[in-house]
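Undergrad: Sequence:
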Amino acid sequence: MRKFDLLTPADAVTKLNAALDAAGYGPARGIAATEMIPTTQARDRVLARDVISPTPMPEFRRSAVDGYAVRADATPGVLRVVGEVRMGEVAPFAIRHGEAALVHTGGNLPEGADAVVMLEDTVPLTLDDRRQAEPSDGSLPSVLVRQWKIQTNKKLAPGDNAIQKGEDVKAGEVVVCAGTRLREQEIGGLLALGITQVEVIRKPRVALIASGDELVPAEAETRPGQVRNINAPMLAALVARNGGEPLDFGILPDVRAAFEEAAQHAMRKADMVIFMAGSSVGERDFVPDVVNAMGEPGILAHGILFRPGKPTLFAVCNGKPVFGLPGNPISALVTGMLFAMPALWRIQGALNPPQPRFIRAVLAREMKSPKDLEHWFPVKLEIRDWRLAEKPGSTSLISHPQSLPSAEPISTKSNLIFGLTRAGGMVCAPIGVDKLAAGTEVEVRLFD
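Residue 321 in this note's numbering sits at position 321 of the sequence shown; the count goes up by one each step and never skips.
Everything labelled a hint here was simulated from the structure, so no lab data went into it.
Glycine is no exception: its CB is placed at the ideal position from the N, C-alpha and C atoms.
Be aware that a few hints might be false.
Said to hold, decoys possible - In silico DSSO-like pairs for lysine-lysine, Cα to Cα no more than 27 angstroms straight-line: (1) Lys371 x Lys15; (2) Lys15 x Lys3; (3) Lys155 x Lys165; (4) Lys368 x Lys435; (5) Lys435 x Lys380; (6) Lys310 x Lys371; (7) Lys380 x Lys310; (8) Lys15 x Lys269; (9) Lys371 x Lys3; (10) Lys310 x Lys15; (11) Lys310 x Lys368; (12) Lys380 x Lys3; (13) Lys310 x Lys435; (14) Lys371 x Lys435; (15) Lys380 x Lys368; (16) Lys165 x Lys154.
Claimed, not checked - What follows is a set of in silico ranges between Cβ atoms, one per label pair, in the way DEER data are often shown: (17) Ala192 x Pro297: 42 to 48 angstroms; (18) Pro92 x Ala192: 23 to 29 angstroms; (19) Glu443 x Glu245: 39 to 45 angstroms; (20) Thr8 x Ala157: 58 to 64 angstroms; (21) Asp168 x Lys380: 43 to 49 angstroms; (22) Arg284 x Asp21: 33 to 39 angstroms; (23) Ile383 x Asp5: 39 to 45 angstroms; (24) Phe93 x Pro38: 39 to 45 angstroms.
Kindly generate the complete structure, drawing on both the sequences and the hints.
TA: Below is the structure:
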């Protein structure tokens, strides 16, 4: 009779990552297939090549504030204003010693200016009006030209309140590295350089193979003994959220030949394979033997010291990660989230995969735990006591919790999905701990 290996989760993940490294995956080493897509649609896609700036950024000297462009060596003092540089325009004049020009934040600096004095550091002096002489042919009306002076007591140094050409990025500089998971800020930066198309790693195709004679499609009417297949749709949503393209392989009957055929098809079509159910040690659990026939090195860990999800299977077959997840929905979702999704980001070559978010909370009641397993259990989060406090530097009030949030353990079994819908996150009781007392401060891994 087959038995579990029962590795710790950390040891199983270490073996998996080592096998993926040997297969050529890791930071900036994703699957070979790439595609060009619009930069505006590249959120969370992984860059396939370094992006090199075609131009300096900014492309011209800019003012960092609203104020007057000046020569720093003329400050402090009285300056004659010779004009205004409107946004989007280039000044038709240069600044000489003792002159100034009105400029706006982000606007072009005129030649000769090497600093900007802020508006609030100036005092306008009296205005002088004069009329521009009319041309002799009378083709232009007379124009009232208003000239003025300003005084500043501020001593400026060259470069004050000015942004130099290429200060952000120099032409020829690598601005985004291969392997970067693109976020809003990278997208904005690329578009600022006029880069409207980027080459990214193709979305890895993930085969999702559900099995069980009791399963029927989610849209089907059930008879006693039947349950709807929710694992594949849940994992499909999880895969899509983590940069993959889910491939639904339907529901397999508990027949070995069906598993073998699906495995061969999945290895041809997909970059990663996830079996849901059939990974335990029973007579009708065909996944372990089928996976070992899918390619080398095969199974790396079969059974982990983990709840929910002790029967989880880790493998790499001919360079592709393969998982056997439990059939119970909560077990499938939690193990998929904690183990399969990091592997999905790894085969994309992501340097900066999404990181889980944690908060501190206080356990509302005692939670017993199997001492020999790493136990993750769902909790409901609640902030009970609030107080009003002054916002620093402001007269407005903001609300603060007076204490850490309360984390109420949710009693659920591994096949009851609505326990997770009421949860804000999960708490881990490590191996060797048989209970967590009420009032214990815990770290809660938040659900997205």
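Undergrad: All hints are to be evaluated individually against the structure, with a verdict given for each.
TA: Each hint tested on the structure:
1. Of the pairs offered as hints, the one joining lysine 371 and lysine 15 holds, with about 24 angstroms between alpha carbons and a cut-off of 27 angstroms not exceeded.
2. Distance hint between lysine 15 and lysine 3 is fulfilled; the C-alpha atoms sit about 19 angstroms from each other, no more than 27 angstroms.
3. A hinted pair counts as satisfied when its Cα atoms are at most 27 angstroms apart, and lysine 155 with lysine 165 qualifies at roughly 23 angstroms.
4. Only pairs whose Cα atoms come within 27 angstroms are accepted, and lysine 368 paired with lysine 435 is accepted, the gap being roughly 4 angstroms.
5. Among the hinted pairs, lysine 435 with lysine 380 is consistent with the structure: their alpha-carbon atoms are about 18 angstroms apart, no more than 27 angstroms.
6. Proximity of lysine 310 to lysine 371 is assessed by CA-CA distance (about 14 angstroms); at most 27 angstroms being required, the pair is judged to hold.
7. Note on lysine 380 and lysine 310: the hinted pairing holds, with a Cα-Cα distance of about 24 angstroms set against a maximum of 27 angstroms.
8. Among the hinted pairs, lysine 15 with lysine 269 is consistent with the structure: their alpha-carbon atoms are about 25 angstroms apart, no more than 27 angstroms.
9. Simply put, lysine 371 and lysine 3 have alpha-carbon atoms about 20 angstroms apart, close enough for the 27 angstroms limit, and the pair holds.
10. Restraint check: the Cα-Cα separation between lysine 310 and lysine 15 comes to about 17 angstroms, which is no more than 27 angstroms; the hinted pair holds.
11. As the CA atoms of lysine 310 and lysine 368 are separated by approximately 17 angstroms, the hinted pair is consistent with the 27 angstroms bound.
12. Distance restraint check for lysine 380 and lysine 3: the Cα-Cα separation of roughly 35 angstroms exceeds the 27 angstroms cut-off, and the hinted pair is therefore not satisfied.
13. Simply put, lysine 310 and lysine 435 have alpha-carbon atoms about 19 angstroms apart, close enough for the 27 angstroms limit, and the pair holds.
14. Restraint check: the Cα-Cα separation between lysine 371 and lysine 435 comes to about 8 angstroms, which is no more than 27 angstroms; the hinted pair holds.
15. Under the criterion of a C-alpha separation no larger than 27 angstroms, the hint pairing lysine 380 with lysine 368 is consistent with the structure, at around 16 angstroms.
16. For the hint pairing lysine 165 with lysine 154, the CA-to-CA distance comes to about 24 angstroms; that is within 27 angstroms, so the pair holds.
17. At roughly 46 angstroms, the beta-carbon separation of alanine 192 and proline 297 lies within the given 42 to 48 angstroms, and the hint holds.
18. Between proline 92 and alanine 192 the CB atoms are about 26 angstroms apart, so this pair conforms to the stated range of 23 to 29 angstroms.
19. Taken as a hint, the range 39 to 45 angstroms is violated for the pair glutamate 443 and glutamate 245, whose Cβ atoms sit roughly 33 angstroms apart.
20. For the pair threonine 8 and alanine 157, the beta carbons lie near 59 angstroms from each other, so the given range of 58 to 64 angstroms is met.
21. For aspartate 168 and lysine 380, the Cβ-Cβ distance of about 46 angstroms falls inside the hinted range of 43 to 49 angstroms, so the restraint holds.
22. As the Cβ distance of arginine 284 to aspartate 21 is approximately 34 angstroms, the hint placing it in 33 to 39 angstroms holds.
23. Isoleucine 383 and aspartate 5 have their C-beta atoms about 42 angstroms apart, which keeps the hinted 39 to 45 angstroms range intact.
24. With their beta carbons about 41 angstroms apart, phenylalanine 93 and proline 38 fall inside the hinted range of 39 to 45 angstroms.
When the structure is compared with the earlier hints, violations turn up for hints 12 and 19 and for no others.
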